[in-house]
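K.L.:
Between the sequences and the hints, there should be enough to build the whole structure, so can you do that?
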Amino acid sequence: MGVEIRDAPVSAEEFAAMEEFVHDYLAASVESEDDGGRMRWYPWHSADYRFNHIRNVVEIGTDIAEKEGANVHVVRVAAVFHDVSKLEAEQDRHAAAGAQVAREYLNSRGDFPDSFIDEVCNVVADHSYQGPLSDVSLETQCLIEADVLDKVGANGTVLMLLRMGYEARTHMDAAEMVDRVLERGEEHTERVDSDTAESIAHQRLKRVKWFREWLEAEVAGISEESRTMEF
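This note's numbering applies: residue 179 is where the sequence shown begins, and numbers increase by one.
One thing to keep in mind: the hints can contain errors.
What the hints assert, rightly or not - Think about it this way: if two alpha-carbon atoms lie no more than 27 Å apart in a straight line, the pair counts; the simulated DSS-like pairs of lysine-lysine are:
{"no.": "1", "residue 1": "K384", "residue 2": "K245"}
{"no.": "2", "residue 1": "K329", "residue 2": "K387"}
{"no.": "3", "residue 1": "K384", "residue 2": "K329"}
{"no.": "4", "residue 1": "K245", "residue 2": "K329"}
Stated by the list, open to error - Derived Cβ-Cβ restraints for the label pairs, each shown as a range:
{"no.": "5", "residue 1": "E361", "residue 2": "Q308", "range": "15 to 25 Å"}
{"no.": "6", "residue 1": "K384", "residue 2": "N285", "range": "14 to 24 Å"}
{"no.": "7", "residue 1": "F199", "residue 2": "R358", "range": "26 to 36 Å"}
{"no.": "8", "residue 1": "N285", "residue 2": "E198", "range": "31 to 41 Å"}
{"no.": "9", "residue 1": "E282", "residue 2": "A205", "range": "48 to 58 Å"}
{"no.": "10", "residue 1": "K384", "residue 2": "E282", "range": "15 to 25 Å"}
{"no.": "11", "residue 1": "R287", "residue 2": "E365", "range": "31 to 41 Å"}
Think of the hints as simulated: they come from the structure by calculation, not from any bench.
For every residue, glycine included, the Cβ atom is placed at its ideal position computed from N, Cα and C.
P.N.:
Encoded structure:
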């Protein structure tokens, strides 16, 4: 089943080729560094995690774009490329660098209108914008919201628990780590603006709160610590 992008149809095979390119680009970014890559000791700095994050953002961004009336096809393609340079460029430069990679790819593979390429690259370049979402295009807003929401919920919880292992923490610290996920999730929720993104955020936060309650119910030390903190 193909994805129609205004005047430029993108087949399922072409979209898959974009994903494959980004996957290989991320892997090469790590392999090109003798020390295994910049800050690769945390899982979210690995090529595998980064590519999985990109796929999550594609899915979330598509959902938001469809329900909010944005150009779904621009959002999908921009989402694929939004972090392509994340592992090779500095944080404050990765969006601009990713837009350049996207432009080179779209110009050299396929027959996409210049207007479409410009729109995709502008969205990629602006996805790290930290100001009000009312200042950016609807497509950029959808990508920013999707990028933020992937850090909220199960994914953010698992990553935080994995971090416990890297920091040599015990399972008794799990509640504290999940509390961090909730705190950061609430901060991220304040960042989103659309009704669709807010709904997704609240649903995900509800699940994290349920997991926190589950810990208290089944791990005695954690529930005792919680009671002590309440008093």
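K.L.:
Now look at each hint and say whether the structure bears it out.
P.N.:
Comparing the hints with the structure gives:
no. : hint                    : verdict
1   : K384 x K245             : holds, 22 Å
2   : K329 x K387             : holds, 15 Å
3   : K384 x K329             : holds, 14 Å
4   : K245 x K329             : holds, 21 Å
5   : E361 x Q308: 15 to 25 Å : holds, 19 Å
6   : K384 x N285: 14 to 24 Å : violated, 44 Å
7   : F199 x R358: 26 to 36 Å : holds, 35 Å
8   : N285 x E198: 31 to 41 Å : violated, 18 Å
9   : E282 x A205: 48 to 58 Å : violated, 18 Å
10  : K384 x E282: 15 to 25 Å : violated, 42 Å
11  : R287 x E365: 31 to 41 Å : holds, 38 Å
Checked against the numbered hints given earlier, the structure breaks hints 6, 8, 9 and 10 and satisfies all the rest.
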